[in-house]
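Chains A and B, in that order, give the protein sequences.
Counting in my numbering, the final residue of the first sequence is number 443, and the numbers go up one at a time with none missing.
Counting in my numbering, the final residue of the second sequence is number 443, and the numbers go up one at a time with none missing.
Be aware that a few hints might be false.
For identical chains, the list gives no copy identity; a pair is met inside one copy or between any two copies.
When the alpha-carbon atoms are kept at most 30 Å apart in a straight line, the in silico DSS-like pairs for lysine-lysine are as follows [as the list claims (entries may be wrong)]:
(1) K157 to K331
(2) K173 to K197
(3) K227 to K197
(4) K157 to K226
(5) K282 to K265
(6) K265 to K173
(7) K378 to K258
(8) K389 to K265
(9) K331 to K226
(10) K378 to K311
(11) K157 to K378
(12) K265 to K311
(13) K282 to K226
(14) K378 to K227
(15) K197 to K282
(16) K389 to K378
(17) K157 to K258
(18) K311 to K227
(19) K226 to K173
(20) K226 to K378
(21) K258 to K389
(22) K378 to K265
(23) K197 to K258
(24) K311 to K389
Don't read these hints as lab results, they were simulated from the structure.
2 protein chains.
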Amino acid sequence: MSTRIGILGYGNLGRGVESAVALNPDQELVGVFTRRDPSTLKINTAGVPVYNVEELEKMTDQIDVLIICGGSATDLPEMTPKYAALYNVIDSFDTHARIPEHFANVDAAAKKGGKLGLISCGWDPGMFSVNRLYSHCILPEGKDYTFWGKGVSQGHSDAIRRIDGVKDARQYTIPVPAAQDAVRSGSNPELTTRQKHTRECFVVAEEGADLARIEKEIVEMPNYFSDYDTTVHFISAEELARDHSGLPHGGSVIYTGTTGAEKANKHVIEYSLKLDSNPEFTGSVLAAYARAAHRLNSEGVSGAKTSFDIAPAYLSPLSGEELRAHFL
Amino acid sequence: MSTRIGILGYGNLGRGVESAVALNPDQELVGVFTRRDPSTLKINTAGVPVYNVEELEKMTDQIDVLIICGGSATDLPEMTPKYAALYNVIDSFDTHARIPEHFANVDAAAKKGGKLGLISCGWDPGMFSVNRLYSHCILPEGKDYTFWGKGVSQGHSDAIRRIDGVKDARQYTIPVPAAQDAVRSGSNPELTTRQKHTRECFVVAEEGADLARIEKEIVEMPNYFSDYDTTVHFISAEELARDHSGLPHGGSVIYTGTTGAEKANKHVIEYSLKLDSNPEFTGSVLAAYARAAHRLNSEGVSGAKTSFDIAPAYLSPLSGEELRAHFL
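All chains should be modelled from the sequences, with the hints used to inform the complete structure.
Written out as structure tokens, the structure reads:
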């Protein structure tokens with residue numbers, strides 16, 4: 116069974132999905148959909164058209180799964196339910212507190228249209244969530260810890276860019292090795308936000324800007340930086356372009372649990388990612404789950420789902436027999 | 116929904132399952148079943164009866180899932196299909212070449228009885244398999260490597276014990292750090308058996324035995340040791356009991372893949388386990404999947420399955436809403 120894919124939104128994540136779909140022989144990219152003027156957008160895949168988003172109203176018979184690559188703040192809460200009524204859809208919605216509301220909205224729309232809407236897919240939420248769940252189920256007496264990085268946080272980079280006098284910025288989230296080691300030892304430490312991660316910022320300032328003031332505004336910024344030990348480096352635009360143009364990321368979910376009489380035996384489960392390109396990896400997860408969404412919907416399953424609801428075999432183009440032979 | 120569990124076979128794994136079931140508030144151990152005289156068996160759980168295996172013919176209305184803790188060589192090929200006709204069953208069958216045949220036998224029996232038979236569950240096959248599958252689906256351009264240890268291999272320990280002049284033995288499988296580092300670097304090395312693992316043996320010899328001959332027989336033993344660099348230590352029975360009585364194990368599945376134009380971006384996914392007790396951890400995996408087997412069968416699903424076919428949510432006693440709130 117092959118899957119015809121549409122991509123809605125062509126930022127970093129949209130390009131990551133495009134690159135992933137090209138590696139899946141059973142997937143075909145039908146088109147990229149944008150709110151911009153389609154003629155202004157040049158995409159990487161030769162021969163694939165760019166459409167205005169309005170065209171989605173008329174292409175339901177040409178697309179099996181629409182992968183929605185928008186922001187969680189305003190795009191996805193509106194877009195995913197809207198298109199779940201017309202298409203099988205996937206998004207990477209990551210505003211944790213609003214997941215119940217988003218799930219309910221997508222569920223209602225998808226069920227009405229007989230479609231499947233898979234939300235909060237990617238690596239966190241996504242593969243990290245799946246690993247937290249597996250570990251808790253296997254070892255009910257235990258505790259999970261998630262560390263992110265070393266990697267670029269786009270939200271934190273954007274927050275720095277909004278400061279007066281800043282031309283550009285890149286922020287790295289870095290896990291504290293001592294905290295990771297304490298967790299891996301099975302000692303179940305209580306860790307504060309500050310003890311788990313540090314933040315390192317590379318900032319291009321406007322000429323003549325007050326660097327001390329910018330640094331102070333960064334390190335004291337509530338929610339983003341004030342709870343962390345933050346280092347600020349001022350560099351040139353050339354240095355930023357040369358040394359910090361990638362979007363690497365990663366992290367690890369470390370779970371420690373006990374079994375046996377008097378909880379005598381300790382076990383450590385660790386799932387870790389080291390990614391050269393956050394959007395290309397996230398796009399790869401979305402493409403694999405697009406296959407699952409299409410297959411499940413073909414079997415008559417509709418409504419909102421998350422990665423928790425998808426059996427691993429559905430992510431693969433191979434038969435059950437092949438999977439057992441190669442991977443079991 | 117609570118699950119009534121039977122355990123067939125009371126060796127290390129049976130005791131591991133018993134200890135896991137005790138940690139799951141929604142599971143109840145109904146009985147332990149043995150081919151031995153039940154009166155000779157004392158189990159750890161107070162108040163739970165031990166039955167002769169023959170009783171299983173008459174207890175189908177008292178047990179929701181039977182966890183079969185036998186050996187893959189002769190026990191499971193016979194037992195799992197036999198009891199899959201009467202009960203939802205789970206086993207940890209790990210003879211890779213015979214999985215197609217075992218799966219077919221269990222499938223036929225389970226379908227006839229309207230039951231579910233989950234085979235090859237545990238950590239390898241099991242959680243390691245699931246991780247190999249997820250990684251291949253996400254990054255189709257890539258390669259998986261599995262390392263085992265440091266941990267006790269019971270099969271290799273038994274093989275040493277069969278040598279003339281050996282009273283007891285413990286064999287550790289140890290991954291080679293340089294090989295792991297080469298894999299993590301993303302260089303996709305081709306590794307021989309010898310390059311991936313070493314083997315370390317602690318042997319208690321009979322008094323006056325020819326130690327040089329025993330050592331030679333170990334390191335040259337085909338299939339078990341001849342393809343590895345093997346170290347042999349002769350120690351006393353007291354030292355073996357004092358320093359080597361545990362059954363620790365673990366290992367890691369490392370997957371490296373690429374994305375993007377010219378495969379420019381590398382990604383490393385690693386799933387690793389560090390287990391104080393191999394049988395208690397394996398038993399914990401079986402107990403979690405017992406919950407899934409029971410729930411799926413209650414929904415009308417029958418036949419043979421593996422961990423590939425089970426959505427993660429089925430392993431948990433929590434509702435979808437609770438899972439999304441806590442783990443997504």
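Going back to the hint list, which numbers does this structure go against?
-> As far as the earlier hints go, 1, 4, 6, 9, 13, 14, 15, 17, 18, 20, 23 are violated by this structure, in ascending order.
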